[in-house]
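Please put together the full structure from these sequences, using the hints given.
Number of protein chains: 2
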Amino acid sequence: MLENIRVVLVNTSHPGNIGGAARAMKNMGLSQLVLVDPQDFPSADAVARASGASDVLDAAQVVGTLEEALVGCSLVLGTSARDRRIPWPLLDPRECGVAACEQAQQGAHVALVFGREYAGLTNEELQRCHFHVHIPSDPAFSSLNLAAAVQVLAYEVRMAWLAAENQPTKTPKLEATAIQSSQPVTADELESFYAHLEQALVEIKFLDPAKPRHLMSRLRRLYGRSEVSKLEMNILRGILTETIKAARGEHSEREKVDV
Amino acid sequence: MLENIRVVLVNTSHPGNIGGAARAMKNMGLSQLVLVDPQDFPSADAVARASGASDVLDAAQVVGTLEEALVGCSLVLGTSARDRRIPWPLLDPRECGVAACEQAQQGAHVALVFGREYAGLTNEELQRCHFHVHIPSDPAFSSLNLAAAVQVLAYEVRMAWLAAENQPTKTPKLEATAIQSSQPVTADELESFYAHLEQALVEIKFLDPAKPRHLMSRLRRLYGRSEVSKLEMNILRGILTETIKAARGEHSEREKVDV
Numbered sequence: 001m002l003e004n005i006r007v008v009l010v011n012t013s014h015p016g017n018i019g020g021a022a023r024a025m026k027n028m029g030l031s032q033l034v035l036v037d038p039q040d041f042p043s044a045d046a047v048a049r050a051s052g053a054s055d056v057l058d059a060a061q062v063v064g065t066l067e068e069a070l071v072g073c074s075l076v077l078g079t080s081a082r083d084r085r086i087p088w089p090l091l092d093p094r095e096c097g098v099a100a101c102e103q104a105q106q107g108a109h110v111a112l113v114f115g116r117e118y119a120g121l122t123n124e125e126l127q128r129c130h131f132h133v134h135i136p137s138d139p140a141f142s143s144l145n146l147a148a149a150v151q152v153l154a155y156e157v158r159m160a161w162l163a164a165e166n167q168p169t170k171t172p173k174l175e176a177t178a179i180q181s182s183q184p185v186t187a188d189e190l191e192s193f194y195a196h197l198e199q200a201l202v203e204i205k206f207l208d209p210a211k212p213r214h215l216m217s218r219l220r221r222l223y224g225r226s227e228v229s230k231l232e233m234n235i236l237r238g239i240l241t242e243t244i245k246a247a248r249g250e251h252s253e254r255e256k257v258d259v
Numbered sequence: 001m002l003e004n005i006r007v008v009l010v011n012t013s014h015p016g017n018i019g020g021a022a023r024a025m026k027n028m029g030l031s032q033l034v035l036v037d038p039q040d041f042p043s044a045d046a047v048a049r050a051s052g053a054s055d056v057l058d059a060a061q062v063v064g065t066l067e068e069a070l071v072g073c074s075l076v077l078g079t080s081a082r083d084r085r086i087p088w089p090l091l092d093p094r095e096c097g098v099a100a101c102e103q104a105q106q107g108a109h110v111a112l113v114f115g116r117e118y119a120g121l122t123n124e125e126l127q128r129c130h131f132h133v134h135i136p137s138d139p140a141f142s143s144l145n146l147a148a149a150v151q152v153l154a155y156e157v158r159m160a161w162l163a164a165e166n167q168p169t170k171t172p173k174l175e176a177t178a179i180q181s182s183q184p185v186t187a188d189e190l191e192s193f194y195a196h197l198e199q200a201l202v203e204i205k206f207l208d209p210a211k212p213r214h215l216m217s218r219l220r221r222l223y224g225r226s227e228v229s230k231l232e233m234n235i236l237r238g239i240l241t242e243t244i245k246a247a248r249g250e251h252s253e254r255e256k257v258d259v
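If you're matching them up, the sequences are chains S and W in order. Once you know that position 149 of the first sequence is 149 in the numbering used here, the rest is easy, because the numbers rise by one and skip nothing. Once you know that position 167 of the second sequence is 167 in the numbering used here, the rest is easy, because the numbers rise by one and skip nothing.
Incorrect hints may have been included.
To be verified - As a list, the in silico SDA-like pairs of lysine to any residue whose alpha-carbon atoms are at most 20 angstroms apart: (1) Lys245/S x Thr241/W; (2) Lys205/W x Thr241/S; (3) Lys245/W x Met233/S; (4) Lys211/S x Lys205/W; (5) Lys205/S x Lys245/W; (6) Lys245/S x Glu198/W; (7) Lys230/W x Arg225/S; (8) Lys205/W x Glu250/S; (9) Lys230/W x His214/S; (10) Lys230/S x Lys230/W; (11) Lys211/S x Lys211/W; (12) Lys230/S x Pro89/W; (13) Lys211/W x Glu198/W; (14) Lys205/W x Met233/S.
These are computed hints drawn from the structure, not numbers from a lab. This one's a predicted model, so the numbers in the text were calculated from it and none came from an experiment.
Have a look at this one:
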């Protein structure tokens, strides 16, 4: 599906940026790179900055015009730094990622178009785009590095793709026992813990049962919001057991020392 | 508000990446850069890649250890490429941006920590982080360029910031002292707590210094994600102090009873 989304770089000056863009694409699972009239390509600088993504560079299609780069595309999204005189439908990067994925999933081809390092896309080129995409940078310093701009849009495409694929982005593969011990404790387990904790605090004379004040409610608030796992609860209960033993002088070693 | 969020680069090899990171930060409205033991800085390569963001480089703080870089921070978010044996609370970049903004808006200081180009952060460094952040890259080609990773997280911080700016702030009005004591503790305060906790666990003989296993890292994970407030920390520290006294049989009342 992601192979339906191509990145189009128009008239790039610095081959290092082409390499950086290729790396950003491959990191995010994109592979289709089209270069419109690049000023210096192929180039060792591009390969160096691609850092392992030279397969994307090798497969890159080099064409003479934006028109050729967009052949077959039913959705064209063009990055734009500035507000233009002619208002155009404008997306932020997140909306761009969602739109690109929706189209690509239906089998359509999508182009993400990036302009020149210093001058961006011309008005004519921008008018070939169905939507403009603006990366919300600080107006006081708004021009992103080309590879950084590709990174942001490719990242949003991947986030939308992962959401659409319904693949959880964080899949820790755990053994059954690990899953069990990482499960949060139940309310009754938490109540037993609070009773044990209160007992220990009395034993170490931190809590005066005659003047309990807000102590237990504050500790309930802390542990209540922490989603304590079963494993962590075992540790906390173990600490309380040993604390009570220590307060009572019941440690075998301690007794030995005392004698 | 964004000035409460610092970017920490640990032991960076290539000064060009420091420059690229500075540019990405400034594009997204971030200005606080901290460099932990950079291999080559200051550097002309950094200035070249910063491309107009050399003010961020000039103001960068260079320190010797991660600990120094995190002084004053109550939320530390560390980028991690790999699944770890001990699972840690994991955020995606979007969740990271929201969490960083929420904290920064309450006046707390936040660190986004990035590791070495080839080796990332060490396990010890990762354990100093309250949350790990994973940029959901293609598992077949997962390692982002350092400046590109900074770009993605800085972009998500900005998106969260813009969303928050457009919403009325929902901060209940609290008394000055209540606000202060409900503020989360800083990373250095948390480190002192862990040292105190470890000492207490040894005193009550729950922790054998010769065989520490994963105990402290599991407790770090629990308290690290709980956003412990200053008031709660006072309670926890008080409990530890009394626990140690009890273990040593130093309680005045206990002595009285013993006599």
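With the threshold set at 20 angstroms, check whether the alpha-carbon distance from Lys245/S to Glu198/W stays at or below it.
17 angstroms, holds
20 angstroms Cα cutoff - pair Lys205/W, Met233/S
18 angstroms, holds
Is the Cα-Cα distance between Lys205/S and Lys245/W 20 angstroms or less?
Holds: Lys205/S and Lys245/W sit about 10 angstroms apart, inside 20 angstroms.
Hinted pair, alpha-carbon criterion (20 angstroms max): Lys245/S, Thr241/W. Please report holds or violated.
16 angstroms, holds
Is it true that the CA of Lys211/S sits at most 20 angstroms from the CA of Lys211/W?
Violated. Lys211/S to Lys211/W sits at ~39 angstroms, over the 20 angstroms cutoff.
Compare the distance between the alpha carbons of Lys211/S and Lys205/W with 20 angstroms, and conclude whether the hinted pair is satisfied.
30 angstroms, violated
Is the Cα-Cα distance between Lys205/W and Glu250/S 20 angstroms or less?
11 angstroms, holds
Measure nothing beyond the straight line between the CA atoms of Lys230/W and His214/S; if it is 20 angstroms or shorter, mark the hint as holding.
Measuring from Cα to Cα gives roughly 15 angstroms; hence the hint holds.
Hinted pair, alpha-carbon criterion (20 angstroms max): Lys245/W, Met233/S. Please report holds or violated.
With a Cα-Cα distance of about 24 angstroms, the restraint between Lys245/W and Met233/S is violated, given a limit of 20 angstroms.
Compare the distance between the alpha carbons of Lys205/W and Thr241/S with 20 angstroms, and conclude whether the hinted pair is satisfied.
Holds. Lys205/W to Thr241/S sits at ~11 angstroms (cutoff 20 angstroms).
Holds or violated: Lys230/S and Lys230/W, Cα atoms, limit 20 angstroms.
26 angstroms, violated
Run the distance test for Lys230/S versus Pro89/W: straight-line Cα separation, threshold 20 angstroms.
Measuring from Cα to Cα gives roughly 15 angstroms; hence the hint holds.
In the structure shown, a violation is registered for the earlier hints numbered 3, 4, 10, 11, in ascending order.
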